[in-house]
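On the provided structure of chain Z, position chain Y as indicated by the hints.
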Amino acid sequence: MLGIVASIIDGILVGSVYGLAAMGLTLIWGVMDVVNLTHGALIVAGMFALFLLAHALGLPAYGALPIVLVGGFVVGVLLYWVSVHRMIGRPPLMSLLSTFAVNLVLIGLGTDVWGTDLFNVPVALPGVSFGRYTFPGTHILAAVLTAVIAGGMYLFLYGTRLGKAIRAVANNRDAAELVGIPTTRVLSMAFGLGAALAAVSGTLIGTLFPFTVLSGDAYQLKSFVVTVLGGLGNPTGALLGGIVLGLIEGLATPFMPVSWTLVIEFAIFVAVLIAFPRGLLVFRR
Amino acid sequence: MRVMNQLSAHARFLVQLVRRPFFWIIGLVTAAFVVAPIIGNNVELREGLLIACIYIILASNLNLMVGYAGYVNFGSIVFFGLGGYICVYLMSAAEWPLAAATLAAGLCVFALAYLFGFGILRLRGPFFALATIGINEAVAAFVINFPPWGGSSGLYLSPELFRQVGGPMQALWVIYFIIVAIMALSLYLSFAIKNSKFGLGLLAIGQNEDAAAVLGVPTARYKALAYSVSAILPAIAGGLYFFKSAYIQPPDAFDLNLSLEAMAVMMLGGQGTVTGPILAGYFYEELRGWLLTSDTFSHFQLVVAGALLLVIVLFLPGGFMGWIHDRWPRLRKVLE
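Those protein sequence lines, which keep their order, are chains Z and Y. Read in order, the letters of the first sequence correspond to residues 1 to 285 in the working numbering. Read in order, the letters of the second sequence correspond to residues 1001 to 1336 in the working numbering.
This is chain Z alone, in the form it adopts within the complex (with noise of 0.2 Å):
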């Protein structure tokens, strides 16, 4: 019985981070149609940003969040302007297949460098034990950063101009525009905060589990279910869908041979969008 309680608090707790890293695919996906399939790409560079920052420099694990925040937004902005921008308001296909061009680069250009070899980031931090059970440090501070980084993200959403302008802009683009919104540099802006979002809870996950540079596509899977499940463009959404997924993967586990979480995760993404096409967690915008 404890057994199942461990497994479910687990469960929320990494579950928080995959919600962490969906939050910057629908915001995206929501803010300008675009279904980002560098988003793979863009958690790995966040694991492997950790792995030289933490290696090379010797920096403390948690303290290349900040660099990989700024370091995603910058990327971000250049992926928008590269990949993107001339894909607005084109057939969805067109700019499916360019982000994935770009992710097809990235992914390559990071098997040469670093094969595919596993890599792993110890980080010791002391855990919280009860009776048999211990929860891991990493897993219960990365849930508190992400709680941190979510609400952050709310604030920023609904407090500041920008985060007005973004959801004036996923609105209605043509009515931003009228009342004298920059869309575009809006756009760019909603993208590189988005890939912001995607590096860091990479970064955060490389203190979870050991990675490759091919871990990409996983997450990125967890990441869509996390958005077909928490509805498009809705970043509390994308918290309560993680956990939940969090919870699916505590409790399965110990059922069944790990390479069937895959297998289990895509078929709750197909039901879940025949069943309920909008999500199954509708909020008012």
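Think of the hints as simulated: they come from the structure by calculation, not from any bench. Model, not experiment: these values are computed from the prediction. Where a beta carbon is used, it is the ideal one built from N, C-alpha and C, also for glycine. Hints should not be assumed to be uniformly reliable.
Unchecked claim - To be clear about the criterion: a stretch of chain Y counts as covered by chain Z if any three or more of its residues have a C-beta under 8 Å from a C-beta of chain Z, and this derived list gives those stretches:
no. : stretch
1   : 1066-1078
2   : 1118-1132
3   : 1136-1144
4   : 1260-1269
5   : 1310-1318
To be verified - To list a few chain Y residues with every Cβ distance to chain Z over 12 Å, as calculated:
no. : residue
6   : A1009
7   : F1023
8   : Q1170
9   : W1173
10  : L1200
11  : N1257
12  : V1303
Unchecked claim - Partial chain Y-side listing against chain Z, Cβ under 7 Å, derived:
no. : residue
13  : A1305
14  : G1306
15  : H1325
Same frame as chain Z, now just chain Y:
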């Protein structure tokens, strides 16, 4: 009576196709693929052209879904891999002859794709694209956990089996000729569908699915049919390809990168065209061969495929054929 009418309509349709110059152009291309390596018994050229054929088969069938119906299928390689597995399994465990095993592979994958298709084709746009990646991953995970198919270590064929196609040396030639034939079939299929009522329905779905449905196109059935028809020939090609290598393992069979290369080839040639995959498949194979043998670029195959795809999508959305059709509008009627 009605059956007779339908048959004669089909016959008239075929006669129409045969009268088109493009019908004979496909024949010429196929003949070139057959004759070129025979001259001087050029084994190196044959192996290169075989890979080009695989690219053309994959891209041409992918085109039915992406170019005609406008549904992005990122996981088309699952057909190739499943076909390979079914064929290799039937040959090694049930000792079926090659022809029966490949045909069975094609039919099984067709049926499976029809079933899958009805499920996931209710999804549209990006959701469908993501689901196709999921299908590939799910099937790969299933195969890894499926003991009769050897799990992650895969299946191996005994060299004895090559005897039915005339021993190891001759087998390579026989398989090459069959794959060229599959390539020709893919091109004829693509050509025939493009000029049929079914193809018109698919093109209508690609332009505006709701409008097509209102005009009476049975969208659900057409989409599922396009998805499953585009599975048959890649499955057969997969069976032949893995018979040639004499072993099959999950990472090779369900290599998502190969389906992305097929996507790049299709876009490069020009989506929705029949000629495009031929030009682009050959070009891409030459480029890949050059990259693999050069010292600097030997590891950059994917990077190049990605960069190529990006440049096409950004600056040349019509691909080779789009450019050719713009440049010489009269060719539009000859090269489909």
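Going through the hints against the structure:
1. 1066-1078: holds (count 4)
2. 1118-1132: n = 10 at 8 Å, threshold three: holds.
3. 1136-1144: holds (count 5)
4. 1260-1269: holds (count 4)
5. 1310-1318: holds (count 4)
6. A1009: Its Cβ never comes within 12 Å of chain Z, the nearest being 34 Å, so this holds.
7. F1023: Given that every Cβ of chain Z is farther than 12 Å from that of F1023(Y), nearest at about 30 Å, it holds.
8. Q1170: Given a closest Cβ separation of 38 Å, the condition holds.
9. W1173: 34 Å, holds
10. L1200: 20 Å, holds
11. N1257: Per Cβ check, N1257(Y) is inside 12 Å of chain Z; nearest 8 Å; violated.
12. V1303: 4 Å, violated
13. A1305: 6 Å, holds
14. G1306: 3 Å, holds
15. H1325: 19 Å, violated
Comparing the model with each earlier hint shows violations of hints 11, 12, 15; every other hint is respected.
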